[in-house]
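> Using the numbering used here, you'd call the opening residue of the sequence shown number 2 and step up by one each time.
Errors might be hidden in some of the hints.
What the hints assert, rightly or not - Listed next, with one range per pair, are the computed distances between beta-carbon atoms: (1) 340 <-> 173: 40 to 48 Å; (2) 332 <-> 79: 55 to 63 Å; (3) 104 <-> 334: 41 to 49 Å.
Think of the hints as simulated: they come from the structure by calculation, not from any bench.
All values derive from a computational prediction rather than experimental measurement.
Idealized CB from N, CA, C, for every residue including glycine.
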Amino acid sequence: MTVATGAVTGPVLQRGTGEVPGDHYLPADPDVLLWGRLPCAADAPVLSVAPGETVTIDTLSHEGVLEDQGRDPLAFFGGHGVAPDQVLTEAIDLARSDRPHSLATDGPHLVNRPIEVRGAQVGDLLAITVLRLDRRVPYGVISNRHGRGALPGEMPGGPGTMSVFTPVVETADGAFGELPLRAGGPGAVRFPLNPFLGTLGVAVAGGVRPHSVPPGPHGGNLDINLLTEGATLYLPVQVPGAGAYVGDPHFAQGDGEVALTALEASLRATVRFDVVPASEAVERFGADLAPVAETREYLIPTGLDTDLDVAAANCVRAALGLLQARYGMERHLAYAYLSAATDFDISQVVDLVKGVHARIRKADFGE
2 MTVATGAVTG
12 PVLQRGTGEV
22 PGDHYLPADP
32 DVLLWGRLPC
42 AADAPVLSVA
52 PGETVTIDTL
62 SHEGVLEDQG
72 RDPLAFFGGH
82 GVAPDQVLTE
92 AIDLARSDRP
102 HSLATDGPHL
112 VNRPIEVRGA
122 QVGDLLAITV
132 LRLDRRVPYG
142 VISNRHGRGA
152 LPGEMPGGPG
162 TMSVFTPVVE
172 TADGAFGELP
182 LRAGGPGAVR
192 FPLNPFLGTL
202 GVAVAGGVRP
212 HSVPPGPHGG
222 NLDINLLTEG
232 ATLYLPVQVP
242 GAGAYVGDPH
252 FAQGDGEVAL
262 TALEASLRAT
272 VRFDVVPASE
282 AVERFGADLA
292 PVAETREYLI
302 PTGLDTDLDV
312 AAANCVRAAL
322 GLLQARYGME
332 RHLAYAYLSA
342 ATDFDISQVV
352 DLVKGVHARI
362 RKADFGE
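Could you put the whole structure together from the sequences, leaning on the hints where they help?
Here is the structure:
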């Protein structure tokens with residue numbers, strides 16, 4: 002089932018058009034993408050870069066190309082008033098390709114094949130800094146499917162997939178997503194956009210590509226909405242060269258992502274890759290190297306587990322280790338500080354492995 006909110010118009014960043022500010026450019030051509038799986042050590046790099054170099058990566062949302070939406074983005078988006086020239090050509094090419102994909106066995110997400118960061122070794126941290134995010138289309142989709150979300154069996158209230166088409170509305174106060182109060186009825190709600198990448202990761206050891214849905218030590222589908230422009234995610238390198246990738250672009254997401262997806266829509270992302278040597282990584286972040294992020298305002302340790310209570314406990318432990326390593330804070334005092342001053346947010350509850358992240362204010366420590 003789909004819900005439309007009317008025709009849309011706006012700029013579209015097709016392959017190779019518009020600004021490409023990175024040192025390298027990686028389009029979202031079908032042969033560049035993995036669909037539903039994440040890179041492993043057996044995957045050859047699609048690009049090799051030096052630490053400190055930047056890459057502009059065209060990401061592609063899975064919404065509109067999946068089988069339960071017809072695997073025909075021209076028809077799917079055309080049914081919501083989107084003109085053919087406003088549908089990304091990479092989405093059309095992927096849907097028409099012979100690329101095998103099944104939601105029964107694969108995840109939905111599209112990510113680039115691995116990027117080698119020369120010199121990165123196991124034990125180092127790969128730092129992925131998001132420098133710029135540009136919307137590629139003036140619309141997105143919010144979906145609830147295959148018995149998932151925070152209320153499986155209760156929502157969406159009917160069989161099949163519920164895909165809510167969501168146009169972007171440009172106003173003098175900025176860009177907003179817009180949803181009707183009732184399908185086909187009067188009235189609407191608008192919410193601010195906050196583009197970010199739901200998936201940033203490194204390749205795993207071995208020859209088996211992980212499913213794209215559950216996050217882990219490799220990063221992957223973390224769905225932390227703080228990973229917007231200016232944020233850096235640090236990930237423990239698991240294979241020589243790191244094998245970096247990004248994907249799962251969002252225009253907006255509330256903490257929890259309760260309906261399964263949030264406002265999914267394609268972005269052009271410019272990111273920088275840096276390597277933190279193993280010895281420095283331990284000094285800065287502690288010995289228990291789980292994914293940790295940083296913005297101008299916050300340090301953001303993470304906790305992951307299939308059980309939300311365990312994920313929260315893991316996040317607290319990661320926060321304690323981070324405060325001890327970075328500031329030399331005694332564990333019992335750090336525990337007291339976290340309880341008094343730090344918010345622990347639910348990243349998402351819908352990706353099989355649930356996520357919790359903390360927001361530790363750097364200003365509290367004089368940074």
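> So, for every hint listed, does it hold in this structure?
Here is how each hint holds up against the structure:
Between residue 340 and residue 173 the C-beta distance comes to about 42 Å, which sits within the given range of 40 to 48 Å. In this structure, residue 332 and residue 79 meet the distance hint of 55 to 63 Å, their C-beta atoms being roughly 58 Å apart. Range check, residue 104 to residue 334: about 48 Å between beta-carbon atoms, so the 41 to 49 Å window is met.
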